[in-house]
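**Student:** The residues making up each chain are set out below.
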Amino acid sequence: MNKPGLIPDLIYVTGGARSGKSRFAERRADELAGGGQVTYLATAQAFDPEMTERIGRHRADRPKGWHTLEEPLNVPAALEGVQGVALLDCLSLWVSNLMLRGDSDAAIVQAAHDLIHVQGRRSGPLTVHPLIVVSNEVGLGIVPDNALARRYRDTLGWVNQAVAGASSEAWLAVSGLPMRLK
Amino acid sequence: MNKPGLIPDLIYVTGGARSGKSRFAERRADELAGGGQVTYLATAQAFDPEMTERIGRHRADRPKGWHTLEEPLNVPAALEGVQGVALLDCLSLWVSNLMLRGDSDAAIVQAAHDLIHVQGRRSGPLTVHPLIVVSNEVGLGIVPDNALARRYRDTLGWVNQAVAGASSEAWLAVSGLPMRLK
Amino acid sequence: MNKPGLIPDLIYVTGGARSGKSRFAERRADELAGGGQVTYLATAQAFDPEMTERIGRHRADRPKGWHTLEEPLNVPAALEGVQGVALLDCLSLWVSNLMLRGDSDAAIVQAAHDLIHVQGRRSGPLTVHPLIVVSNEVGLGIVPDNALARRYRDTLGWVNQAVAGASSEAWLAVSGLPMRLK
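Residue numbers (my numbering), protein chains in the order written: chain C, 2 to 183; chain G, 2 to 183; chain A, 2 to 183.
A portion of the hints provided could be inaccurate.
Given that identical chains are not distinguished, each listed pair holds provided it fits within a single copy or across any two copies.
[Claimed, not checked] Below, a list of computed lysine to aspartate or glutamate pairs in the DMTMM-like style, where the Cα atoms sit at most 25 Å apart: (1) K183 to E32; (2) K183 to E170; (3) K183 to D155; (4) K65 to D104; (5) K183 to D31; (6) K183 to D49; (7) K65 to E51; (8) K183 to E51; (9) K183 to E71; (10) K183 to E72; (11) K65 to D115; (12) K65 to D146; (13) K183 to D146; (14) K183 to E54; (15) K65 to E54; (16) K65 to E81; (17) K183 to D104; (18) K65 to E32.
By construction, these hints were calculated from the structure, which means they are not laboratory data.
Chain C with its partners taken away, still in its complex shape (with noise of 0.2 Å):
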């Protein structure tokens, strides 16, 4: 739970594939915004047609009246002019996007540090600008064949906890169904 008084301006959102993870985030987004504008931060790109069906479908799911911002890399800096409720969505499709343009992992962990960096000076006590982000958790099959799966499953794992450390409020989504982690 919160502390009382601490504005819970960044949450973490994290669960596997279908787990409802990305619905539960649009929900405490659009609760936190009163129904209001959020601004959406897709790290999505569409690179065959599987993934362009998915990003038209999460679209056609999201409240209208949403703005959405693209931004596959500097997500930080996207951040940084963002008013009032932002979600990103996601972590995960971030960090590959950043390992498939050749970032070492210590660029990409720094690059989740901005980012926790950014949403510390965008909130504060007298103005609340909250952040959610989403995140995947893809550690808990047997371990990879496959080196670079290795290394994603790593690195991806090192941005979780960064993020989800400096959160003031996480969850995991099971089956659609939302569990308090902090």
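Let chain C serve as the given structure and place chains G and A on it in line with the hints.
**Tutor:** Positioned in the frame of chain C, the structure of chains G and A alone reads:
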């Protein structure tokens, strides 16, 4: 927790492989039946020796006097005629059987809604005919290479969300320990 | 929660890869040792550079003054002589080592029961010699193609259930955040 007065008629139990979910579901069924008869709805089909052995071991573990109905495909119709406590093990194999038969994703999600609907008619404020449904979490590893595996984890995810969302009680088993989801 | 008066002598900590489980277990061990000595039972074997690097990084992260015992196979015997707080990291590599040596599943599950038994003798109402056991959840992805991987996730599942079931305290780490299982 159930709201006071709400009949615990649809109970959802999920978890990973070897997480103790079936054993927990069986204990819960036995409890609800007061040690009396439970109808076990088995969706497993034995295609190979490994599966035959798994099915045999699970069957040997069940209390004597339970009644087993084997129904890999038309589970809602099988449930229709069942009196008293029913235990469906498991949703994940049912979805797999329907996919192997060639059902579309939409048809499979509809079948899950049919199941929920049958359960809604079976149980009511004056009659207690609980249904315990066991499923699997399969979306917490690395994205599978294989398109069919990706489709399976998506479709099972939608089915799990539908059943968990309609349930009056939901659990996640981890290392044999049940965590209450709702 | 522990029952009042129960000595927290067997503590189980599980989670996925990079979930913060080892770090949480180390913090818990340090707490129980009051900042004093902890015996670290290491089951990891370095077969390749990736593993050597992981082992080295983990070792560098541990408090100075901890005592490390490397024992990939006969962990119950290694625990026998340990005074004070012991931390076993991890059950999952131990199971993997025993499988690679050619042990049967039954022998591996028996070894887990031997470990529990040794811990039962080590600690008692008048002496506090806690054992913290770290393990991995590996059963929450798609069924692996590979028969050995399926056997591993089954056997580790039984071992995890045995140790978690006997524990007086159990935790699941998710994105670095501990959830209490019991």
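**Student:** Which constraints among the numbered hints does this structure fail? Numbers only, ascending.
**Tutor:** When the structure is compared with the hints, numbers 4, 6, 8, 9, 10, 11, 12, 13, 14 and 17 turn out to be violated.
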